[in-house]
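Under our numbering, the first residue of the sequence shown carries the number 1429, and numbering increases by one thereafter.
Treat the hints as calculated values from the structure; they're not laboratory data.
What you are looking at is a predicted structure, and each value in this text was computed from that prediction instead of being measured.
One thing to keep in mind: the hints can contain errors.
What the hints assert, rightly or not - The following label-pair restraints were derived from C-beta to C-beta distances: (1) Arg1514 <-> Gly1573: 37 to 45 Å; (2) Lys1575 <-> Pro1526: 40 to 48 Å; (3) Arg1589 <-> Arg1467: 38 to 46 Å; (4) Ala1569 <-> Asn1493: 40 to 48 Å; (5) Ala1569 <-> Asp1462: 19 to 27 Å; (6) Asp1598 <-> Ala1484: 42 to 50 Å; (7) Pro1604 <-> Tyr1572: 37 to 45 Å.
Virtual Cβ for every residue (Gly too), placed ideally from N, Cα, C.
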Amino acid sequence: MSATVPFASERPASPVGAVARVAAALPGLALAVDGVDLRFGGIHALRGVSFEAAPAQVTAVIGPNGAGKTSVFNTISGFYRPASGRIRLGDEDITRVPVHARAARGLARTFQNIALFRGLTVLENIKLGGHHTMSAGVLSALVYGAKARTEENALRAEIERRVIEFLQIDHIRHRPVDALPYGLQKRSRCGRACCCSTSRSPE
1429 MSATVPFASE RPASPVGAVA RVAAALPGLA LAVDGVDLRF GGIHALRGVS
1479 FEAAPAQVTA VIGPNGAGKT SVFNTISGFY RPASGRIRLG DEDITRVPVH
1529 ARAARGLART FQNIALFRGL TVLENIKLGG HHTMSAGVLS ALVYGAKART
1579 EENALRAEIE RRVIEFLQID HIRHRPVDAL PYGLQKRSRC GRACCCSTSR
1629 SPE
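With the sequences and hints as input, model every part of the structure.
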């Protein structure tokens, strides 16, 4: 899974350096794809795909159109179920783990499109990446009760400490995303994926 953080027009910074700082600062688990086969009827989309992605490093999957890159990502994230092979996150085999449970373990992905909520700020969009960590019920969230406030404040503090600081977007965190240039919107989108791993691991 790759991430690209383009140059910020308002605050020059190295995109590769920004990604490296996030990788080094956020907790991570090794990802291993072992002998994965994927079939769609008579079409053999993936055949014996194996690779490893170490924590605190950026690993890229490259290839021509139709090589199966998207199929690999869809299989890792749980949208496709392989015919054979294993996918491991850390010491755990997640081959049959549902999509939402993979997210709870800190596995996130981004897409080529922006997919941000245009009426929200950068910080609000990033916080959405941690919604699966919140345990306050619907009623508490609607009335913004004590539990909902406590959880949101803790999540915001974690995001500001780990994600916003290392992506160097503190200067735009309270700005609406639709008022930002494309590069900064992509950086905000990357921040939302990073937010998936800021919270505690599932028990």
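Is the gap between the beta carbons of arginine 1589 and arginine 1467 within 38 to 46 Å? Roughly 44 Å apart at Cβ, these two residues keep to the hinted range, so it holds.
For proline 1604 and tyrosine 1572, compare the CB-CB distance with the range 37 to 45 Å and indicate the outcome. This hint is violated: roughly 21 Å between Cβ atoms.
That 19 to 27 Å hint for alanine 1569 and aspartate 1462 (C-beta), does it hold up? violated, 40 Å
Using the Cβ atoms, figure out if arginine 1514 sits within 37 to 45 Å of glycine 1573. holds, 42 Å
Is it true that the C-beta distance of lysine 1575 to proline 1526 lies inside 40 to 48 Å, as the hint says? For lysine 1575 and proline 1526 the Cβ distance comes to about 26 Å; the hint is violated.
Given a hinted range of 42 to 50 Å, is it respected by the beta-carbon distance of aspartate 1598 and alanine 1484? violated, 22 Å
Supplied distance hint 40 to 48 Å, evaluated on CB atoms of alanine 1569 and asparagine 1493: This hint holds: roughly 43 Å between Cβ atoms.
Of the numbered hints given earlier, the model fails hints 2, 5, 6 and 7; all others are met.
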